[in-house]
Each structure stands twice: as C-alpha cells, then as structure tokens.
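Peer 1: Now for the letters of each chain:
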Amino acid sequence: MRLTDAERAMLAGEAGPVRQWAIEHQMRVGRYLGAADFVRVSQAHIMADTESLGVAGVQWLERLASHPAEQRRVRIPTITDPRGTDFAAAAKLKHQPWMLDLERRAIAAFEAMGVLMTDTCINYQTIMPAVRNEHMAYGDTGVTIYSNSVLGARSNFEGGPSALSAGLTGRTPRYGYHLDAHRRATLKLRVTYTPTELSDWGALGALVGRHAGDYWQVPAVLGIDRVPGSDELKHFGAAMASYGSVALFHLDGITPEAMNLPDVADEGMPVHATIGAAELRAFRQSYVGRVDKIDVVVFSAPQLSLLELHDLAAMLDGRRITVPTLAITSPQVKSDADRMGLTARIEASGALVLSGMCFYQSYAREMAEANGWQALATNSAKLTNILGGYGYRPALLSMAACVETACRGRISS
Amino acid sequence: MNEFVATAAMGKRVRGRALVAKDGFSARYDLDRTKGVFSRQEHKLAGQSYVDRVLVLDAAKGGVATAWMLHEMAARNIVPAALVLNTVNPIMVQGAALADFTMMSGFAVDITATVPDGALVEVDTQSNPPCLRLLDET
Numbered sequence: 001m002r003l004t005d006a007e008r009a010m011l012a013g014e015a016g017p018v019r020q021w022a023i024e025h026q027m028r029v030g031r032y033l034g035a036a037d038f039v040r041v042s043q044a045h046i047m048a049d050t051e052s053l054g055v056a057g058v059q060w061l062e063r064l065a066s067h068p069a070e071q072r073r074v075r076i077p078t079i080t081d082p083r084g085t086d087f088a089a090a091a092k093l094k095h096q097p098w099m100l101d102l103e104r105r106a107i108a109a110f111e112a113m114g115v116l117m118t119d120t121c122i123n124y125q126t127i128m129p130a131v132r133n134e135h136m137a138y139g140d141t142g143v144t145i146y147s148n149s150v151l152g153a154r155s156n157f158e159g160g161p162s163a164l165s166a167g168l169t170g171r172t173p174r175y176g177y178h179l180d181a182h183r184r185a186t187l188k189l190r191v192t193y194t195p196t197e198l199s200d201w202g203a204l205g206a207l208v209g210r211h212a213g214d215y216w217q218v219p220a221v222l223g224i225d226r227v228p229g230s231d232e233l234k235h236f237g238a239a240m241a242s243y244g245s246v247a248l249f250h251l252d253g254i255t256p257e258a259m260n261l262p263d264v265a266d267e268g269m270p271v272h273a274t275i276g277a278a279e280l281r282a283f284r285q286s287y288v289g290r291v292d293k294i295d296v297v298v299f300s301a302p303q304l305s306l307l308e309l310h311d312l313a314a315m316l317d318g319r320r321i322t323v324p325t326l327a328i329t330s331p332q333v334k335s336d337a338d339r340m341g342l343t344a345r346i347e348a349s350g351a352l353v354l355s356g357m358c359f360y361q362s363y364a365r366e367m368a369e370a371n372g373w374q375a376l377a378t379n380s381a382k383l384t385n386i387l388g389g390y391g392y393r394p395a396l397l398s399m400a401a402c403v404e405t406a407c408r409g410r411i412s413s
Numbered sequence: 414m415n416e417f418v419a420t421a422a423m424g425k426r427v428r429g430r431a432l433v434a435k436d437g438f439s440a441r442y443d444l445d446r447t448k449g450v451f452s453r454q455e456h457k458l459a460g461q462s463y464v465d466r467v468l469v470l471d472a473a474k475g476g477v478a479t480a481w482m483l484h485e486m487a488a489r490n491i492v493p494a495a496l497v498l499n500t501v502n503p504i505m506v507q508g509a510a511l512a513d514f515t516m517m518s519g520f521a522v523d524i525t526a527t528v529p530d531g532a533l534v535e536v537d538t539q540s541n542p543p544c545l546r547l548l549d550e551t
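Chains as they are written, first to last, in my numbering: chain E, 1 to 413; chain F, 414 to 551.
Simulated from the structure, these hints should not be mistaken for laboratory data.
One or more of the hints may lead you astray.
[As the list claims (entries may be wrong)] Partial chain E-side listing against chain F, Cβ under 10 Å, derived:
id, residue
1, A9
2, A12
3, H25
4, V29
5, L33
6, A36
7, D49
8, G54
9, Q59
10, G139
11, T144
12, G159
13, G160
14, S165
15, H211
16, D214
[Unchecked claim] Computed far set for chain F versus chain E, every beta-carbon distance over 10 Å:
id, residue
17, G437
18, L468
19, E485
20, G508
21, L533
22, P542
23, L547
Glycine included, every Cβ here is placed at the ideal spot set by N, Cα and C.
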C-alpha cells in the first residue's frame, strides 16, 4: 500500500503503540482486499457488544486504554453501536451481574479512548447522517447499507477492531465501496409489489439479499412505485445486509446514484429475478408456519425511530399485553419518547421500552434460557434471520399483528 | 490435481480435517460458540463440531460481530483451525487479522465442490501464491 508521511510515521510507532497497532491492522486488511492506499474518513462507528467481545476482547480494549491519553484517544468523531444491556432494565431481562460488569469495563475503556457512547444503530436517523460521497468507517451493517445506498456515502462494513482503528488513525484502507468501480450494479431485480408494512420491506430486503448472495454484489431494484420513507428503507436495507451480506443497493429513480439507472447499471444487464406479493407471502409463511403460541414479542433490529414508537403507542393504547413485549430504541429517541409520553403509553400496556441495546446484541441465548423464551414474534426480518442460531423460533409479523399477538399470546396475523 | 491456488490468505500455515458445505459462515448467526457447534438449524452443518476443523464454506454472511468473535473463540481455544471460503467479506478479513487466524479465499473453482468432506488438507498461507492442498481424501 502507498503510504503518506503521516501514515509511515504511525507505522513506525512515532504516534505510540496504539496507533501503530491500528495502522498495522488496517494494512493487513487492506492488503488482503487489494487496497492501494488509505482514504481519510470523517466518522467511525464501532460495534462492540460484550457478547461479541467476550472477556478476551474486553481485556484487549483495556490494554489499549491503559496507554497515555495522547496515544490512545481517537482522532475523529467515533460513536458506538448498541450495547449488550439496558442497565435500567437489566434485572427484568435477567441479565447477569457478570454481563453488566463486562459492559461497564468495555464502556470505561471506550470512554478513555474518547469514544462517544451513542449506543445506536440508527445514527443516520438520530445523530448525524452522512453526506453523499462522504467517506466513513461504519461498523453496523444496517448503518453501512443505509448510508451507502440512501445517502450516497462511502463505507465498507467495518467490524469493531477496524472501526476503532479508523477512529485512531482517521483513515481506512481504500477498497470496496470507497471506489466508484465497486458501486455499479452487478444484478438487476424487478419488484411487482411495493410493500406497505415495515415487516414486508424487511422481507423484500431479505429476498433481494438472498438473490445477491455475497458482499460484492450490488443489486439494482426496479419497480418500486413510490418513494419509501426512512423507516421502510431502514428495514429493507438491514434485512438485505443480514441475509445477503450486501452493503449497497440502488433503487431505480429513487436512491441518489440511480436517479438515472444507466449511470450505475449496464443497460444490457438482464433482470435476474422478479419478486412479487406471492414471494413475500411465502417468505413470511416460512417463519410463521413454525410457531403458534408466543413467548416474547420484540420490536428491535434496527432500533425503533420516534415514529415507530409513536405508531406502537397508538396500537397499544387501551390494550393489555399477555406475553413479555419489548420495544427497543436508541438513547436519543428514548429521551424524546419519555418527554412526549410515548414511553408511558407503551408501558401502560405492560410492554417495556428499552434503550441503548438491541435484542440480538444483548446475550440473546442467555435471555432465552433465563426467561424460557423460544417462540418469538417480531416485525424485523433481520431479527428472524439472526435468532435461529440462538435457539429461538421466530415469526415475522406486521407491527399490528405483533401487537395482537402480544395481547392474545398466540400468533395473530 | 490436489492443489488449489487462492487469491488471498493470512495467518499461519495449518493442516487439518476439512468440514465442507455449500453454505455461508457467520459466527453470530450460525454458531453456538460455547459448545463449539453449528447451531442454526437451517445450516448444512447444523449440529456438527467446528473445533479444530478446516472449515470449507461458500461465502461470508451476516453482520459485523465475527470481527470480534474469532478473537474471542481463539482465546477460549474453541475455534476452527482455519476458514477457507469462495468469497470473503471485509468482516472475516478484519476478524482474522485481529485474531491472527488462518483464512484463505478466492479460487478458480468452487472450493466447496472440490474438497471432500473429511479430507486432510493443508492451508498454505506462506506459499506464493497461497494455496490449499489435498493431502488425503479419506
């Protein structure tokens, strides 16, 4: 990789061992993936829940954080993805003291490095959205795909160690979606049904992701007949990234790089597949068919926006849930929801509003065992994809059907 | 032919028994990392132990957690010997770099259709170009 004088100095250890480790790590990654040089980034976003980190990861962070302040502090705004618990509700979730201890240690290490503990995977809705062509180091697949596709930003998936490295060095290896050549569509898909429910936007994203199949595929989707809203594209992108490891999509005439589709998709490219209402129905049924009685209802993955909480509050007004029901949002949205009375309205039903965590990043297996949860209803296609490996049997329903299910205890679709 | 050239590799050269499937890989989505087995019921290796095996799979899947989890798995020594993929995503590369884990990807053939399950293989990350060798197909 070509290095600038500043990068050579970091590599030589002139900025201390923490930044030296960071740039060495980035060079190993960059060489593997064919980066010719580095690109400056303006933000980093770190996924580092302690279930992923484990004790070894937390100890590793603590070693970095033990260096002198001028050596360990990040050089660009660096924020965090959801944490592994909501400390205010940990007992209700049956999170164990050792989990909270690990979380506190990780938080202390990040704070010592100057990281802002935003604890959110919807920073593009709540913190600071990226600008078109702005280079970023985003460490959540949902954040990356939304920012690349809807906002026209430029980021690869940056896992925790690499996002932290980007925070420390202020740059990232220039490969993948930082480059024009990788942002062109590699397959075309036609849609004959534009979803109206968030769960169906997630299902559509999941099907597009399955067709795409891997990180280096960029689907161009034709046939969406209106401009979707931010929450719709949030679920669409998050599911696509989850099912397909996809980091960038184009919507014909809608997303910024595809306002004129031939700009990003060869005109001769055939349509790879068509997705309609029947395919979405079959996708939903592939999950719903496995469960009847429900143990827990979860709204999460991604964290809920203020508008989603507003809708949920309206659906729960005057109702009483009969199975545990969790609505999970960011700390930024939670304080607004508290102030506007949404939290109180939702919790009047018996449901719980949690903040700063995400269900699957919060010791999902241990929560299942401690609470006796297996059958789970959600309106998040992303969550249905993840939780199977944790021993859950998830059902994908609309938000309204999830509320009915929460009140009756059985699937209501 | 018993040698398959890869476009990229990292980590130490290792030998081990291959565990092969035409399926994806994500540490969070697919594994019970406490027990060291594939836990997602839909995965073609569901129920099988991955410990000390050379995993030969199709593509990196899922989210960003694998970037930490390979390091955590290695620290507890409940970890595959190596990961061999047709297609990587950056997360696998970042995770392997942190954990100093052996990984190889990018073949002229579908590597999952070429390596028999259970074969003894060598993942030679040090040769130039890197390559996967079939040592014993039994």
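Peer 1: Each of the hints needs a verdict: does it hold here or not?
Peer 2: Cross-check of the supplied hints:
{"no.": "1", "hint": "A9", "in the structure": "21 Å, violated"}
{"no.": "2", "hint": "A12", "in the structure": "20 Å, violated"}
{"no.": "3", "hint": "H25", "in the structure": "6 Å, holds"}
{"no.": "4", "hint": "V29", "in the structure": "5 Å, holds"}
{"no.": "5", "hint": "L33", "in the structure": "6 Å, holds"}
{"no.": "6", "hint": "A36", "in the structure": "15 Å, violated"}
{"no.": "7", "hint": "D49", "in the structure": "8 Å, holds"}
{"no.": "8", "hint": "G54", "in the structure": "3 Å, holds"}
{"no.": "9", "hint": "Q59", "in the structure": "9 Å, holds"}
{"no.": "10", "hint": "G139", "in the structure": "6 Å, holds"}
{"no.": "11", "hint": "T144", "in the structure": "9 Å, holds"}
{"no.": "12", "hint": "G159", "in the structure": "2 Å, holds"}
{"no.": "13", "hint": "G160", "in the structure": "5 Å, holds"}
{"no.": "14", "hint": "S165", "in the structure": "9 Å, holds"}
{"no.": "15", "hint": "H211", "in the structure": "13 Å, violated"}
{"no.": "16", "hint": "D214", "in the structure": "4 Å, holds"}
{"no.": "17", "hint": "G437", "in the structure": "8 Å, violated"}
{"no.": "18", "hint": "L468", "in the structure": "15 Å, holds"}
{"no.": "19", "hint": "E485", "in the structure": "3 Å, violated"}
{"no.": "20", "hint": "G508", "in the structure": "6 Å, violated"}
{"no.": "21", "hint": "L533", "in the structure": "26 Å, holds"}
{"no.": "22", "hint": "P542", "in the structure": "13 Å, holds"}
{"no.": "23", "hint": "L547", "in the structure": "24 Å, holds"}
Of the numbered hints listed earlier, those contradicted by the structure are 1, 2, 6, 15, 17, 19, 20.
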